[in-house]
Every structure is written in C-alpha cells, then in structure tokens.
Amino acid sequence: MTAAAAPADQRPARQPAMWRNVMRDYPLVPLIVLLIVLVVVVELARPGTVSTGWAAITVRQAAILAILAGCQTLTMLTGGIDLSVGYVASMAGFVTATFVHQPGGWVFGVVVALAASALAGLVNGIGIGIFRVHPLIMTLGMGLIVFGFANVWQLQSVQTGSGVPQEIRTVGVGLTGDIIPNNLLIFVPVAVVLILMLRRTGYGRMLYAIGDNPVAARLSGVRSWQVIVVLYVISALLAAIAGLLQSGLSNTASVTLVQSYLLPSVAAAVIGGTSILGGRGGYGGTIVGALILTVLTGVLSIALPEPWRQIVFGSIVVLVAAAYTRVTGES
Amino acid sequence: MSAAATPVEQPRSAVSDAVASGVRKNAWTLGLLALLVVLFVVVKYLNPAYSFVSAQSTATSILPLALAAVAQAVVVISGGIDLSISSQMALTSCIAAILMKNNPGDAVSVGVVILVLLVGLLLGAVNGALVVITKVPDIIVTLATSFVWAGFALLVAPAPGGSSAQWLKDLVVGQLGVEFIPKAAVLLLVLVAIIWIPVRRTRAGLSMYAIGSNQLAAFRSGVPVSRTKIFSYTVAGLIAAFAGLSLTASTGIGTPVPEPTYVLIAIAAVVLGGVSLAGGVGGVIGPILAVVALQLIRDAMTYMRIDSNYGLVAQGVILIGVLMAGSFIQMRRSRT
Numbered sequence: 000m001t002a003a004a005a006p007a008d009q010r011p012a013r014q015p016a017m018w019r020n021v022m023r024d025y026p027l028v029p030l031i032v033l034l035i036v037l038v039v040v041v042e043l044a045r046p047g048t049v050s051t052g053w054a055a056i057t058v059r060q061a062a063i064l065a066i067l068a069g070c071q072t073l074t075m076l077t078g079g080i081d082l083s084v085g086y087v088a089s090m091a092g093f094v095t096a097t098f099v100h101q102p103g104g105w106v107f108g109v110v111v112a113l114a115a116s117a118l119a120g121l122v123n124g125i126g127i128g129i130f131r132v133h134p135l136i137m138t139l140g141m142g143l144i145v146f147g148f149a150n151v152w153q154l155q156s157v158q159t160g161s162g163v164p165q166e167i168r169t170v171g172v173g174l175t176g177d178i179i180p181n182n183l184l185i186f187v188p189v190a191v192v193l194i195l196m197l198r199r200t201g202y203g204r205m206l207y208a209i210g211d212n213p214v215a216a217r218l219s220g221v222r223s224w225q226v227i228v229v230l231y232v233i234s235a236l237l238a239a240i241a242g243l244l245q246s247g248l249s250n251t252a253s254v255t256l257v258q259s260y261l262l263p264s265v266a267a268a269v270i271g272g273t274s275i276l277g278g279r280g281g282y283g284g285t286i287v288g289a290l291i292l293t294v295l296t297g298v299l300s301i302a303l304p305e306p307w308r309q310i311v312f313g314s315i316v317v318l319v320a321a322a323y324t325r326v327t328g329e330s
Numbered sequence: 000m001s002a003a004a005t006p007v008e009q010p011r012s013a014v015s016d017a018v019a020s021g022v023r024k025n026a027w028t029l030g031l032l033a034l035l036v037v038l039f040v041v042v043k044y045l046n047p048a049y050s051f052v053s054a055q056s057t058a059t060s061i062l063p064l065a066l067a068a069v070a071q072a073v074v075v076i077s078g079g080i081d082l083s084i085s086s087q088m089a090l091t092s093c094i095a096a097i098l099m100k101n102n103p104g105d106a107v108s109v110g111v112v113i114l115v116l117l118v119g120l121l122l123g124a125v126n127g128a129l130v131v132i133t134k135v136p137d138i139i140v141t142l143a144t145s146f147v148w149a150g151f152a153l154l155v156a157p158a159p160g161g162s163s164a165q166w167l168k169d170l171v172v173g174q175l176g177v178e179f180i181p182k183a184a185v186l187l188l189v190l191v192a193i194i195w196i197p198v199r200r201t202r203a204g205l206s207m208y209a210i211g212s213n214q215l216a217a218f219r220s221g222v223p224v225s226r227t228k229i230f231s232y233t234v235a236g237l238i239a240a241f242a243g244l245s246l247t248a249s250t251g252i253g254t255p256v257p258e259p260t261y262v263l264i265a266i267a268a269v270v271l272g273g274v275s276l277a278g279g280v281g282g283v284i285g286p287i288l289a290v291v292a293l294q295l296i297r298d299a300m301t302y303m304r305i306d307s308n309y310g311l312v313a314q315g316v317i318l319i320g321v322l323m324a325g326s327f328i329q330m331r332r333s334r335t
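In the order they appear, the protein sequences are chains A and B.
In terms of numbering that gives the first Met the number 0, the numbers along the first sequence are unbroken and rise by one, the last being 330.
In terms of numbering that gives the first Met the number 0, the numbers along the second sequence are unbroken and rise by one, the last being 335.
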C-alpha cells in the first residue's frame with residue numbers, strides 16, 4: 000500500500016499521509032463527515048425532510064440496527080461473526096408475543112425469550128470456543144436450528160393467539176415529547192456498557208487480543224474458550240433485545256421479522272471500521288455506521304425504486320470497505 | 000480385493016496399494032456414499048411407495064441446490080467464500096425466464112441460454128475482480144454484491160414470471176430411457192464433467208488448490224494468485240448460471256427474490272462434503288452427495304410424519320454435529 004495506489008482513490012491525493020493518519024487514529028471523523036454529507040443530501044433531495052421528527056424516526060430505526068451490529072462488532076473483534084442474530088432476534092420477539100395471553104404474561108415471555116437466546120448463544124460459544132468450529136458455519140447452523148424451532152413453536156401456539164405487548168410497543172415505537180425515541184432507554188445503556196467494556200475492562204482487551212493474535216493471547220494466559228463462550232452468549236442476548244425492540248416498533252411478531260437486518264448489521268460494523276479479520280474496531284464507529292446505513296436507506300427510498308436501492312446499497316458497502324482497507328493498509 | 004480393507008501395513012501389490020490409497024484419499028466421499036445408501040434404505044423402509052419415480056422428482060428439485068453447492072465448493076477450495084451465489088442464481092434465472100417468456104423458437108432459446116451463461120461468467124468475474132482489487136475480505140465483498148445482483152434481478156423481473164422453453168424443461172424432468180436414471184442426475188454429472196474435470200486437470204485447477212491451501216507459499220512458488228482467484232469466482236459464476244437455468248427449467252418461472260436458505264444449505268453441503276472452509280482441500284462430488292443426503296434426511300422425516308420444520312433443525316444439528324465430531328477427533332489425535 001504505497002502512495003502510488005492513492006490516485007485511484009477519490010480523496011485528495013495531495014496529502015495522503017495526513018488523511019491516512021486521521022482515518023486510522025480517529026476513524027469516527029470521516030464517518031461523521033460522511034453522515035453529515037448524507038443528511039445534507041437528504042435535505043437537498045427533498046427540502047424540508049430534515050426535522051427533529053425525521054431525526055427521531057431515523058435514530059429509532061438506527062438503534063435497532065446498531066444493537067444487532069454490536070453483535071457483529073464484538074464477534075468480529077475476535078475474528079468471528081454471528082450469522083444467527085437475525086433468527087435469534089426474530090425468535091425472541093415472536094416468543095414474547097405468544098405469551099401475552101398466557102399465565103405469566105409478557106414478562107414471563109421475555110424471560111423465556113432471553114433464556115432461549117442465551118441457550119442458542121451458549122451452544123454457539125461452545126461450538127466455536129471449545130470445538131473450534133468455524134464461526135461462520137457454527138452460527139449459520141445455529142440460525143437454521145433456531146428458525147426451525149421457532150416455526151415449530153409457531154404451529155403450537157396458533158390456538159393461543161399472540162400480540163405484541165403494549166409495554167414493548169411503548170418502548171419500541173414511542174417518542175417522548177415527539178423528539179426522543181423511547182427505545183434509547185434501552186439502547187443508550189447497552190451502548191455505554193459495550194463501549195466501556197471494550198475500552199476499560201480486561202474482558203474487552205481479551206477480545207482484541209484474541210482477534211489480533213490468538214496464539215499470543217493464549218500464551219499470555221488468556222483462556223480463549225471461556226472468553227468466546229461468554230462472547231456468543233452476550234451476542235445472542237443483544238440480538239434478543241434488538242428483536243424485542245423491532246417487534247415493538249413494527250407491532251408485528253413473526254419468525255423472520257429481523258432476518259432482513261442480518262446483512263446490514265454486518266455492513267454497519269464494517270463501515271464503522273471494525274475489521275472482519277479481528278483485532279481492530281470499536282463500537283463507537285459501529286453506531287455511526289448504523290446511522291449512516293439508516294440515513295442511506297432513507298435517501299435511497301426517497302430517490303430510487305427498490306431494485307436500484309439494493310444495487311446502490313451494495314455498491315456503497317463495497318466502496319466504503321475498500322476505502323478503509325486501502326487507507327489502513329490492511330490486506 | 001480384501002487387501003483394500005486391511006490396514007496399510009502389509010502392502011501386497013501395486014494394485015492393492017493403489018486401491019488402498021484411493022480409499023484413504025476419498026474416505027470422506029466413500030463414507031458419504033455409504034451414508035446415502037443407508038438413507039435410501041431408511042426412506043424406502045419408511046415409505047414403501049418410494050420409487051424411482053419419486054427419486055426422479057427429488058433429483059429435479061435438488062438440481063439447483065446441488066449446482067449451487069458445486070459453485071460454492073469451487074470458491075471455497077481456492078480459499079474464498081461466495082455469499083452471492085443465490086442472488087446470481089436469481090438474476091440468471093430471471094433473465095432466462097423473461098427472455099423466454101413468449102415461448103420463442105428453439106434457436107432463440109438456445110441463444111438465451113448462451114447469453115445467460117455469459118452473464119454468469121461476468122457476475123463471477125466481477126466478484127473475483129472486486130475481491131482482488133479492493134482487498135476487502137471475500138465475505139464482505141460477496142455479501143455486498145449479493146444485494147447488487149438481487150437488485151438487478153428485481154429490475155429484470157419485478158415479480159415472479161416468465162416461462163421456460165420446453166426443451167429446457169425436458170432436460171431436467173423425468174427419466175433417461177429407464178426409470179432408475181433421473182435426467183437431472185445425468186445432467187448434473189455431465190455439467191460437472193465438462194466444467195470441473197478440465198479445470199481440475201489443468202494448471203489453473205492446481206493453482207486454485209495451491210492458493211487455497213497457502214496463499215503466500217503459492218505466491219512465492221510463482222502461482223498467479225490474483226488471476227487464479229478471479230478465475231475461481233468466474234467458474235463459480237458459470238456454475239451458478241447453470242443453477243439459475245435449472246431453477247427456471249424446474250419451476251417454469253423466474254423468481255427475483257433469492258431463496259435465503261440456498262446460501263446456508265450450499266455452504267453446509269460444501270462443509271459436509273469434505274471441503275475445508277480454510278481452503279485447498281476437497282472436491283465437488285462430496286458436496287453433491289451431501290446435498291442429496293440432506294434432502295433424503297428431510298424426506299425421511301416427512302415420511303415419519305415429523306413436523307417439516309424439524310427438518311431445518313436436523314440439518315443444522317447435523318452440520319454442527321459433524322464438524323464438532325471432526326474437530327474433536329482431530330484434537331484427540333493431535334494430543335496423543
């Protein structure tokens with residue numbers, strides 16, 4: 000990655016070194032610039048769109064994506080990935096909804112949903128951490144299993160009827176004072192915990208260490224398998240929370256509700272600067288990545304029909320990822 | 000031929016030696032073959048009405064998936080992964096179905112098939128070129144292009160529609176002469192033979208295995224890494240185009256929304272078929288056998304009147320179970 004490669008880049012080639020340093024040391028800066036540019040584009044594309052109400056709706060949607068992207072960020076830091084989050088999240092929302100008319104009510108449903116998710120995460124962690132199954136395959140297989148069981152549960156609970164509990168709807172869709180989305184009540188603590196965990200705790204450092212160099216981590220006394228098992232349980236619980244919020248937001252509960260977020264969640268983490276190879280990244284970037292993708296989806300839905308939206312979406316993900324790889328010199 | 004089964008310590012002749020080494024090299028595939036035989040017996044036992052005719056419809060319905068698994072295997076062998084195969088299939092299938100909408104003459108439909116295959120080559124080449132040029136990990140690039148190809152599929156066919164030329168349908172449905180030879184199976188073998196065997200036998204195929212097993216070593220030995228990578232994605236694109244065509248032929252229409260489970264099951268079949276996700280190991284026959292085995296397991300569960308959703312659970316459990324068992328054995332072996 001010498002300077003000779005820079006002219007291919009659209010960014011100013013005059014001072015590539017400075018740009019590179021900025022992007023490497025403060026990855027949030029270019030991301031926030033990109034986000035602001037997108038917001039300006041929205042306003043230009045349809046003047047009057049950008050308002051506090053628009054911001055509230057965007058943030059509400061982005062929060063869910065950001066939580067799911069958190070699963071990807073954490074697992075990608077160790078060089079893994081969690082492809083089961085879509086089905087786990089959908090399952091959590093669905094299971095909770097089926098308990099509305101049951102004894103115990105939705106609270107019991109939430110407990111069951113979280114327990115089931117944690118179990119799925121535990122199996123993921125055991126497979127990846129202890130049996131060294133490739134994370135991609137392990138979580139993919141786990142996704143199929145969770146989806147299958149969720150379908151079975153769906154057939155069994157047809158008679159009892161289901162519905163998204165009012166409390167979850169209030170949190171998921173509500174806006175306090177028409178400006179502040181209620182789901183920030185859940186998202187902000189989650190984000191703070193994740194950021195502090197990655198930056199300030201030994202556990203967070205171990206995640207980076209395992210992703211950066213698993214052998215060195217093991218030789219330094221990190222018990223990798225324990226870290227990994229806990230990691231995938233955390234990831235599954237995060238997915239469950241996102242699923243509950245999404246079912247509240249859309250007032251629907253289906254076994255595939257959140258599945259369409261799976262690929263965007265990986266994309267948000269990648270755009271946010273987390274490397275899929277492990278050891279580099281952070282949750283702050285992921286949050287901005289989720290905001291970027293949500294705003295982008297908004298822009299595209301104003302400007303383009305569905306097919307073009309997908310084409311542009313995919314192209315932008317490749318471009319941003321390529322820009323990152325180029326700038327950080329990682330191969 | 001008892002020598003083939005006995006341990007290798009007492010080689011008797013060159014022939015038995017060759018057989019033994021052949022068995023050892025293809026142990027995984029032979030094991031899968033044995034599993035298939037067992038599964039056929041189980042299915043036949045569970046449903047005495049299961050006949051060669053049912054096997055024909057099974058063969059027709061899993062042909063697209065089997066081809067998807069072959070395409071995935073080619074990429075995985077050379078150390079990559081392609082999450083966009085189901086989108087490529089959707090796009091090629093839609094192009095074929097829309098262009099053959101008004102049942103044009105045979106000459107036109109042959110032209111359409113050739114065009115679709117060229118599109119497949121192009122899609123694969125774009126995937127490969129992006130991976131090589133951007134240096135972004137394969138999984139991210141193909142994840143992103145899966146959106147792009149699916150978007151183009153929606154442009155071509157906003158809703159499921161179109162139709163398939165009759166001769167294309169005839170290629171995949173029914174029997175070849177006698178009832179126990181399903182046409183779809185023959186077609187699959189012919190396609191694999193004309194695409195994979197030439198690739199495997201040439202320098203390009205050897206290079207694919209080389210970059211899959213150790214990219215740096217391959218580079219230092221003078222293997223053109225970038226070119227080989229693009230080549231493997233291009234071959235996969237061609238096979239995905241065949242998969243898309245078979246989808247059009249077996250369903251009679253083009254569906255613009257890719258089947259989400261295709262990618263998952265194709266990867267599962269590749270891994271169960273003895274191809275290492277790390278690259279450089281395996282072939283394409285194993286994945287095909289694995290696709291058939293997964294389908295037979297679902298059939299068996301249907302005949303046992305088990306909720307078909309447990310079929311998904313079973314596929315996931317088998318996938319994970321086999322891999323866990325495999326790495327467990329490996330760990331035990333490396334410890335002693």
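Treat the hints with caution; some may be incorrect.
To give an idea of the interface, some chain B residues facing chain A are shown, with a C-beta separation under 10 Å as derived from the structure [said to hold, decoys possible]: (1) V135; (2) F146; (3) F151; (4) A152; (5) V155; (6) V262; (7) L263; (8) A324.
Since the hints were derived computationally from the structure, they do not count as laboratory data.
For glycine and all other residues, C-beta sits at the position ideal for the given N, C-alpha and C.
A quick look at each hint next to the structure:
Hint on V135 of chain B holds. Least Cβ distance to chain A is approximately 4 Å, under the 10 Å limit. For F146 of chain B, the interface hint holds, the least distance from its beta-carbon to any beta-carbon of chain A being 3 Å, beneath 10 Å. At a threshold of 10 Å, the smallest CB-CB gap from F151 of chain B to chain A is about 6 Å, leaving the interface hint in force. Because the closest C-beta pair between A152 of chain B and chain A is about 8 Å apart, less than 10 Å, the hint holds.
Nearest Cβ of chain A to the Cβ of V155 of chain B: about 9 Å, under the 10 Å cut. The hint holds. Annotation: V262 of chain B was flagged as interfacial toward chain A, and the flag holds, the nearest CB pair being 9 Å apart, inside 10 Å. Proximity of L263 of chain B to chain A holds as hinted, the smallest CB-CB distance being about 5 Å (cut-off 10 Å). Nearest Cβ of chain A to the Cβ of A324 of chain B: about 9 Å, under the 10 Å cut. The hint holds.
Going through the hint list in order, the structure satisfies each hint without exception.
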